[in-house]
Amino acid sequence: MNDVGGLDAARIRFARGDRLIVDGVDITVPAGSVGALLGPNGAGKSTLLHLIAGVERPDAGALALGGDDLAALRRRDRARRISLAEQEVAEAPGLRVSEVVALGRTPHIGPWSGLGERDRAVVARSIDELDLGPLADRDYSTLSGGERQRVNLARALAQEPELLLLDEPTNHLDVRAQLSSLDLLRRLAARGHTVLAALHDLGLAAAHADHVVVLQDGRVVASGAPHDVLEPGLIRAVWGVDAEVLEHPVTGRPLIAYSGVAGDRSDQRMPRARPVAAGHPEA
Amino acid sequence: MSIGGRVAPGDTTSAGRGAPPEATRLETPARPGLRTGLWAGGLTLLLAASVIVAVTVGPAGLSPADVWASVLAHLGIGEPTLTPLRDGIVWELRMPRVLTAAAVGAGLALCGAVMQALTRNPLADPYLLGLSSGASVGAVIVIVLGVGLLLPVAAFVGALVALAATLGLASAAAGRLTPTRTVLAGLAVTSVFGAITSLVIFWSATGDSYREILNWLLGSLAGTDWTSVAIAGGAVVLIGVPLVASARTLDAFAFGDTAAAALGVHVGRSRVLLLTGTALLTGALVSVSGAIGFVGLILPHAVRLLVGSRHRALLPLSVLAGAIFLVWADTGARTLFDPRELPVGILTALIGGPVFAVLLLRGRRLS
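From first to last, the protein sequence lines are chains H and F.
Position one of the first sequence corresponds to residue 1 (our numbering), numbered consecutively onward.
Position one of the second sequence corresponds to residue 1 (our numbering), numbered consecutively onward.
Calculated from the structure, these hints are not laboratory results.
All C-beta atoms, glycine included, are put in the ideal place defined by N, C-alpha and C.
Any given hint could turn out to be false.
[Unchecked claim] So, partial list: chain H residues that the calculated Cβ filter (under 10 Å) puts toward chain F: (1) Ala53; (2) Leu103; (3) Pro111; (4) Gly114; (5) Leu165; (6) Arg176.
[Said to hold, decoys possible] Computed far set for chain H versus chain F, every beta-carbon distance over 10 Å: (7) Asn171; (8) His200; (9) Gly224; (10) Leu234; (11) Ala257.
[Said to hold, decoys possible] Simulated DEER-style distance windows between Cβ atoms: (12) Leu306/F x Arg13/H: 48 to 54 Å; (13) Arg13/H x Thr180/F: 35 to 41 Å; (14) Arg13/H x Leu350/F: 53 to 59 Å; (15) Ser113/H x Gly256/F: 22 to 28 Å; (16) Leu306/F x Ser113/H: 21 to 27 Å; (17) Thr180/F x Glu117/H: 40 to 46 Å; (18) Asp183/H x Leu306/F: 38 to 44 Å; (19) Gly146/F x Gly116/H: 52 to 58 Å.
Use the sequences and the hints to build the structure in full.
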């Protein structure tokens with residue numbers, strides 16, 4: 001357990017039926033930092049986020065936030081400290097954007113009380129933070145995928161979480177919106193929030209995360225600072241693609257240049273770029 | 001990146017903000033409470049007026065003033081001014097019937113709204129998902145066995161069994177509950193329970209079986225008395241209050257189970273408790289009125305058009321709108337073909353069928 005706050009997950013295991021989805025995962029994200037959860041499809045990223053958010057219970061392992069055992073928290077108290085912005089979100093006909101964002105206040109208010117002044121201020125600020133002001137009165141179901149993604153993030157923010165979990169927050173977003181979302185995550189971390197985001201885009205993770213955790217088949221195969229973890233051998237072993245990792249000329253952070261699908265995933269030597277090999281197994 | 005100090009929950013977003021202060025300039029969301037309040041006030045007045053006017057409708061030439069005088073006299077506030085016969089028509093015949101209609105309409109509309117949220121199915125309704133026919137079976141069996149005291153309990157058990165059968169069948173067929181599959185499963189359950197109701201009545205063969213079968217299957221408020229008012233009204237208050245209090249939980253279900261759980265809702269427990277509540281309420285209502293259809297479908301959708309989908313507005317306004325709707329539907333049922341009475345469910349189906357069709361056409365993603 002660290003004592004600077006933040007998320008501490010130890011030996012988390014979770015099986016659905018007889019399929020082991022999360023297999024002894026350890027993750028630490030210090031308070032005030034952005035962690036990125038990486039891994040190919042089916043690696044267990046979403047499930048792990050659900051376990052941390054309390055949507056499902058791990059079969060084994062310990063989860064702590066700021067030193068407090070999450071399993072001991074009541075569901076509502078947990079929801080006051082952890083919010084989850086989901087990847088796929090269903091339609092919700094008839095709800096306006098401001099009402100969707102206000103759902104984030106659910107764990108903070110009782111059944112009979114309406115939104116208080118402070119709740120309204122938090123909702124307004126969350127809407128503002130994601131530039132949703134012009135959409136505030138629109139029906140959620142009329143929004144584009146990218147707009148919905150921003151509304152979901154605003155809702156998660158309105159929950160005022162210590163720990164913000166995001167599942168593919170940049171899905172459906174154009175480049176500018178992707179970068180501004182990640183800037184927002186950086187700002188939130190600077191204010192003391194702990195952020196853990198599952199990301200598909202290694203480049204975004206390399207450019208914005210403080211730490212990355214790479215999952216494969218439910219296990220952590222690497223974790224640490226992006227420039228330590230994201231090296232060609234690992235990228236090839238986990239994702240089956242050939243890539244060069246350069247230094248960004250301006251930011252100095254790792255810059256990932258893909259050169260093609262790797263021919264043989266078991267070969268961990270870093271090959272030079274070569275033509276795309278056909279018949280690559282599940283990426 | 002600075003490791004910010006640990007921030008207490010509930011105060012995180014405001015702590016150490018780097019953003020410019022104009023961020024808070026944005027207007028807070030419009031006060032939806034005001035609009036809801038106006039609708040609630042308007043519908044309450046309309047309901048009170050509807051009850052009084054509906055009592056005057058029919059033979060005997062009563063005026064609203066007569067009804068008012070009779071009500072005051074029975075509450076011990078005024079002097080009786082009507083002849084005992086006319087007072088009896090107001091107080092013993094029509095008033096209990098109109099109030100029962102109001103309570104049944106209120107409860108069915110509330111059940112529909114709650115079920116639509118919990119099953120994320122715009123077509124959910126106590127009648128369409130089979131609860132009402134299950135409740136009818138329970139009620140009819142108890143009546144035949146002659147243990148009338150157990151009537152609401154048996155109806156509740158019937159409703160619960162039917163609900164479990166519908167949801168079980170739908171999820172076994174599809175793996176998950178899709179709206180149309182759920183309605184199909186409800187149709188199957190309704191058919192079977194409707195047949196059982198008819199068989200039990202035929203088998204017992206007391207009096208006018210056909211009429212009695214019709215009243216249970218289509219719903220009727222004929223012959224309701226103050227006991228009916230007590231059962232239906234009591235159920236609406238006792239079960240309706242906790243259901244309305246669950247508005248926030250129901251809102252949280254709007255984006256599915258995962259989102260609800262992440263907002264701190266006990267998903268499984270809430271769903272079971274609230275659905276059991278709707279079965280309990282449906283059972284009590286059906287035990288006095290039979291299976292009146294579509295009220296739970298029509299009114300919540302109409303109310304959504306007025307005030308949107310937030311349940312804090314939707315539930316109370318559905319209660320009021322359902323009460324008004326069934327008061328007038330029943331008034332039509334007992335007067336349109338006077339002296340013959342129409343089972344009120346025929347009228348509600350006449351309106352509900354087209355509403356159902358519109359919902360089907362509108363919801364392309366229902367399958």
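Hint by hint, here is what the structure shows:
1. At its closest, the beta carbon of Ala53/H sits 5 Å from a beta carbon of chain F; the interface hint therefore holds under the 10 Å criterion.
2. Given hint, Leu103/H at the interface with chain F, holds; its Cβ is 6 Å from that chain's nearest Cβ, closer than 10 Å.
3. Hint status for Pro111/H relative to chain F: holds, with the closest Cβ pair at about 5 Å, below 10 Å.
4. The interface hint given for Gly114/H is met, as the beta carbon of that residue sits about 6 Å from the closest beta carbon of chain F, less than 10 Å.
5. Residue-level restraint check for Leu165/H holds (minimum Cβ-Cβ distance to chain F is 8 Å; threshold 10 Å).
6. The beta carbon of Arg176/H comes no nearer than 18 Å to any beta carbon in chain F, farther than 10 Å, and the hint placing it at the interface is violated.
7. The Cβ of Asn171/H sits about 16 Å from the closest Cβ of chain F, beyond the 10 Å cut-off, so the non-interface label holds.
8. Residue placement check: His200/H keeps its beta carbon more than 10 Å from all beta carbons of chain F (closest about 19 Å).
9. Against the 10 Å criterion, Gly224/H stays outside the reach of chain F, whose nearest CB is about 15 Å from its own CB.
10. Consistency note on Leu234/H: stated as away from chain F, and its beta-carbon is indeed over 10 Å from all of that chain's, at 23 Å minimum.
11. The beta carbon of Ala257/H is kept farther than 10 Å from every beta carbon of chain F, the shortest such distance being approximately 25 Å.
12. About 50 Å separates the C-beta atoms of Leu306/F and Arg13/H, a value consistent with the hinted range of 48 to 54 Å.
13. As the Cβ distance of Arg13/H to Thr180/F is approximately 38 Å, the hint placing it in 35 to 41 Å holds.
14. A beta carbon spacing of about 58 Å between Arg13/H and Leu350/F agrees with the range 53 to 59 Å that was offered as a hint.
15. The hint said 22 to 28 Å for the Cβ distance between Ser113/H and Gly256/F, and at roughly 25 Å that hint holds.
16. For the pair Leu306/F and Ser113/H, the supplied restraint of 21 to 27 Å holds, since their beta-carbon distance comes to about 23 Å.
17. Between Thr180/F and Glu117/H the CB atoms are about 44 Å apart, so this pair conforms to the stated range of 40 to 46 Å.
18. The supplied range of 38 to 44 Å is met by Asp183/H and Leu306/F, whose beta-carbon atoms lie about 40 Å from each other.
19. Between Gly146/F and Gly116/H, the C-beta spacing of about 55 Å keeps the proposed range 52 to 58 Å intact.
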